[in-house]
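Trainee: Full structure from sequences and hints, please.
Protein chains in written order, with the numbering used here: chain G, 1 to 389; chain A, 1 to 223.
There may be inaccurate statements among the hints.
Said to hold, decoys possible - Over the 12 Å line for every Cβ pair with chain G, so calculated as not near, a few chain A residues:
#1 Q73
#2 L139
#3 L205
To be verified - Some, not all, of what chain G presents toward chain A, calculated at C-beta under 10 Å:
#4 G48
#5 V71
#6 A74
#7 R78
#8 N86
#9 A150
#10 L157
#11 E160
#12 G306
As the list claims (entries may be wrong) - Short derived list, chain A residues pointing at chain G, Cβ under 10 Å:
#13 A32
#14 Q35
#15 E111
#16 D119
#17 A120
#18 A121
#19 C124
#20 L126
#21 R128
#22 R130
#23 W141
#24 G193
If you are wondering where the hints come from, they were derived from the structure by calculation, not from laboratory data.
Please read all numbers here as calculations on a predicted model, not as lab measurements.
Beta carbons are placed, not taken as given, at the ideal position from N, Cα and C, and that holds for glycine.
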Amino acid sequence: MTEGIHIRLRQTGPIPLDAALDCAPGEVLALVGPSGSGKTTILRAIAGLLRVAEGEISSNGECWFDAARDVYVAARQRRVGYVFQNYALFPHLNALQNVMEAMLELPPAQREARARDWLARVRLAGLESRLPAALSGGQQQRVAVARALAREPRVLLLDEPFSAVDRATRQRLYRELAELRRELAMPVILVTHDLDEALMLADRLCVLHQGRSLQAGDPYAVMTRPDSVEVAQLVGLRNVFRAGVVGHDAGRDRTLIEWRGHRLEARLQTAFAPGQQVNWVIPQGHVMLHRRDRPSRGERENPLHGPVIECLGLGEQVALTVAVNGAQRPPLFLSVPSHVARRNGIAAGVEVGVSLLADGIHLMPADESRTPPRPGERGPGTGKLAASH
Amino acid sequence: MDWPALKLSLELAAWTVLILLPVGIFTGRMLAYRQFGGKAWLEALLALPLVLPPTVLGYYLLVVMGGASPIGQFYESLFGRPLVFNFGGLLVASVIFNLPFAIQPIQRGFEAIAPEVRDAAACCGLSRWRTLWRIELPLAWPGLLSAMVLTFAHTLGEFGVVLMVGGNIPGETKTIAIAIYDRVQAFDNAAAGIMSTTLLLISLLAIAAAYFTSARLQPRRHG
Numbered sequence: 001m002t003e004g005i006h007i008r009l010r011q012t013g014p015i016p017l018d019a020a021l022d023c024a025p026g027e028v029l030a031l032v033g034p035s036g037s038g039k040t041t042i043l044r045a046i047a048g049l050l051r052v053a054e055g056e057i058s059s060n061g062e063c064w065f066d067a068a069r070d071v072y073v074a075a076r077q078r079r080v081g082y083v084f085q086n087y088a089l090f091p092h093l094n095a096l097q098n099v100m101e102a103m104l105e106l107p108p109a110q111r112e113a114r115a116r117d118w119l120a121r122v123r124l125a126g127l128e129s130r131l132p133a134a135l136s137g138g139q140q141q142r143v144a145v146a147r148a149l150a151r152e153p154r155v156l157l158l159d160e161p162f163s164a165v166d167r168a169t170r171q172r173l174y175r176e177l178a179e180l181r182r183e184l185a186m187p188v189i190l191v192t193h194d195l196d197e198a199l200m201l202a203d204r205l206c207v208l209h210q211g212r213s214l215q216a217g218d219p220y221a222v223m224t225r226p227d228s229v230e231v232a233q234l235v236g237l238r239n240v241f242r243a244g245v246v247g248h249d250a251g252r253d254r255t256l257i258e259w260r261g262h263r264l265e266a267r268l269q270t271a272f273a274p275g276q277q278v279n280w281v282i283p284q285g286h287v288m289l290h291r292r293d294r295p296s297r298g299e300r301e302n303p304l305h306g307p308v309i310e311c312l313g314l315g316e317q318v319a320l321t322v323a324v325n326g327a328q329r330p331p332l333f334l335s336v337p338s339h340v341a342r343r344n345g346i347a348a349g350v351e352v353g354v355s356l357l358a359d360g361i362h363l364m365p366a367d368e369s370r371t372p373p374r375p376g377e378r379g380p381g382t383g384k385l386a387a388s389h
Numbered sequence: 001m002d003w004p005a006l007k008l009s010l011e012l013a014a015w016t017v018l019i020l021l022p023v024g025i026f027t028g029r030m031l032a033y034r035q036f037g038g039k040a041w042l043e044a045l046l047a048l049p050l051v052l053p054p055t056v057l058g059y060y061l062l063v064v065m066g067g068a069s070p071i072g073q074f075y076e077s078l079f080g081r082p083l084v085f086n087f088g089g090l091l092v093a094s095v096i097f098n099l100p101f102a103i104q105p106i107q108r109g110f111e112a113i114a115p116e117v118r119d120a121a122a123c124c125g126l127s128r129w130r131t132l133w134r135i136e137l138p139l140a141w142p143g144l145l146s147a148m149v150l151t152f153a154h155t156l157g158e159f160g161v162v163l164m165v166g167g168n169i170p171g172e173t174k175t176i177a178i179a180i181y182d183r184v185q186a187f188d189n190a191a192a193g194i195m196s197t198t199l200l201l202i203s204l205l206a207i208a209a210a211y212f213t214s215a216r217l218q219p220r221r222h223g
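Mentor: Listed below in structure tokens is the structure:
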């Protein structure tokens, strides 16, 4: 496959990297990972702003970097559209001039009209003569996007493009980018530490940690079926436990595991042999709270009981921590709408029943080095990755 | 009022600025963006005229450029007259003496440009030359302006080095600062007063103009 962009980067220092990424034309690949995981370093290497010790980068069959053959195409010759985290607009040039600077290959007579077109496409018509300082954060971001696209890039690189704007603006920009990306024919690589953002905008997700690309794939799949405990923790999954595999029931499409004296039914996962020790994970969305007044059918699926040890209101949602089989063991985390919590009289100390939906139980190789968080310890947050510093 | 001395001083200051501007841009930019071995030593060397007594610097320049030195001999064989005790020698001394006044503000000006802005210029496909001309110089402009004003004003007021290297030859090396000293020595306080006031006003005007201009530039960049 030569279409799109292919990236292999390796180095031991100063910033360790071991990343393999591919992004097809029209595809949005999100790089997620905590601060310091090497996301921006990778973007800079792709753009030609940073030379990595080993590796290759090719775009549509054109070699931009090959350490073995000592090929290194300079940034100004790579044709990348780069939207920087703080946009990096030229502060002394107005919006129109900022965009025109990216079109120097066009005859001067065409530049202005084309730049006006680009600004109109990002809904900035009428603001052409404003200096960046006279534009709002969202408007500056749009100028940066227009400038990046005006370069007619072979790859579009977006480095946390939504981090410097307020929440309301961000929601609007998400929608605009989602619309715009349908028209874009180049690979788009989006760096973000916000998993919700990645879920909303990306076709594929790549989880990075300390410069290593750990897992890439469909965002929902990565976030519900991580390859390892490390990925599970990086994507904010807090319900990670140890168990032993009991056996498989192919007829019912189930794998059985033994966890704290309970026999749990999981989605059939034959890669793990009976008797094997595994880690398993369940996303919070697959943990169902039983209604206290009226039991229902769904409650037969992996029912568990225990007292609520923490009940934390987070606006519309309430985060519950339930001790299953003893408070000293890693608890189960789930989140319910606050009206549900209210109606069921949920509070700390109340005994509740929950069901673990079998389809949500995902097995992973046992990881001795990573123990799930103890009660009272905060694992990575639900929406954002925990910062490493 | 010693008009030839004032004219000579203004000429010397203008030529010094003219020569030091490209030198300052090249060196200041290099010091702002490049890392290389011995950079700290080079910066220290360039800052030396700030702390060295002007007579010490003047003495060494006299030794290096004098008729007995290879440089002095080469210059004399080329132009048929010695480098020291004429305008050429004065200009060389003035350029060397003003190096820190030109380079340091320009270096700070380049350093003040956000690295991402220069990265963005590269990603936009701008050539090095266009990046310098279209992005870096306009953004480093307050530094360039300070450098020009400081160099100009400092050259006007320079005394020690000028006396050591140039002496006191009317129309050739007698600058206004020397002329003031000359008048005071001759108990001609009235003339010294007029010339001092003139020098004071010119320096004040230059610096005020620089402050005024950079104050007008600032809101454009950060407002």
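Trainee: Hint by hint, note whether the structure agrees.
Mentor: Hint check:
Every CB of chain G lies more than 12 Å from the CB of Q73(A), the least distance being 46 Å, so the non-interface label holds. A beta-carbon of chain G is positioned within 12 Å of the beta-carbon of L139(A); the least distance is around 6 Å. No beta-carbon of chain G is positioned within 12 Å of the beta-carbon of L205(A); the least distance is around 27 Å. A least Cβ separation of about 7 Å between G48(G) and chain A falls short of the 10 Å threshold, and the interface hint therefore holds.
Proximity of V71(G) to chain A is violated relative to the hint, the smallest CB-CB distance being about 18 Å (cut-off 10 Å). Given hint, A74(G) at the interface with chain A, holds; its Cβ is 7 Å from that chain's nearest Cβ, closer than 10 Å. With its C-beta approaching chain A no nearer than about 8 Å, R78(G) sits inside the 10 Å limit, and its interface hint holds. The beta carbon of N86(G) comes within 7 Å of a beta carbon in chain A, closer than 10 Å, and the hint placing it at the interface holds.
Hint status for A150(G): holds, given a least beta-carbon distance of 8 Å to chain A, under 10 Å. Nearest Cβ of chain A to the Cβ of L157(G): about 8 Å, under the 10 Å cut. The hint holds. For the restraint placing E160(G) at the interface with chain A, the shortest Cβ-Cβ distance is roughly 12 Å, beyond the 10 Å limit, so the hint is violated. Against a cut-off of 10 Å between C-beta atoms, the interface hint on G306(G) is violated, since the closest Cβ of chain A lies about 51 Å away.
Given hint, A32(A) at the interface with chain G, is violated; its Cβ is 17 Å from that chain's nearest Cβ, farther than 10 Å. Using the Cβ-Cβ criterion of 10 Å, the hint placing Q35(A) at the interface with chain G is not satisfied: the shortest such distance is roughly 13 Å. A distance limit of 10 Å between C-beta atoms decides the matter here; for E111(A) the minimum to chain G is near 15 Å, and the interface restraint is violated. At about 5 Å, the closest approach between the beta carbon of D119(A) and any beta carbon in chain G falls short of 10 Å, and the interface hint on this residue holds.
The restraint placing A120(A) at the interface with chain G holds, with a minimum CB-CB distance near 4 Å, inside the 10 Å limit. The interface hint given for A121(A) is met, as the beta carbon of that residue sits about 7 Å from the closest beta carbon of chain G, less than 10 Å. With a cut of 10 Å, the hint placing C124(A) at the interface with chain G holds, because the nearest CB-to-CB distance is about 4 Å. At its closest, the beta carbon of L126(A) sits 6 Å from a beta carbon of chain G; the interface hint therefore holds under the 10 Å criterion.
The closest approach between the C-beta of R128(A) and any C-beta of chain G is roughly 8 Å, which is under the 10 Å cut-off, so the hint is satisfied. Hint on R130(A) holds. Least Cβ distance to chain G is approximately 7 Å, under the 10 Å limit. Interface hint status for W141(A): upheld, as the beta-carbon distance to the closest one in chain G is roughly 8 Å, under 10 Å. For G193(A), the interface hint is violated, since its Cβ never comes within 10 Å of a Cβ in chain G; the closest pair sits about 44 Å apart.
When the structure is compared with the earlier hints, violations turn up for hints 2, 5, 11, 12, 13, 14, 15 and 24 and for no others.
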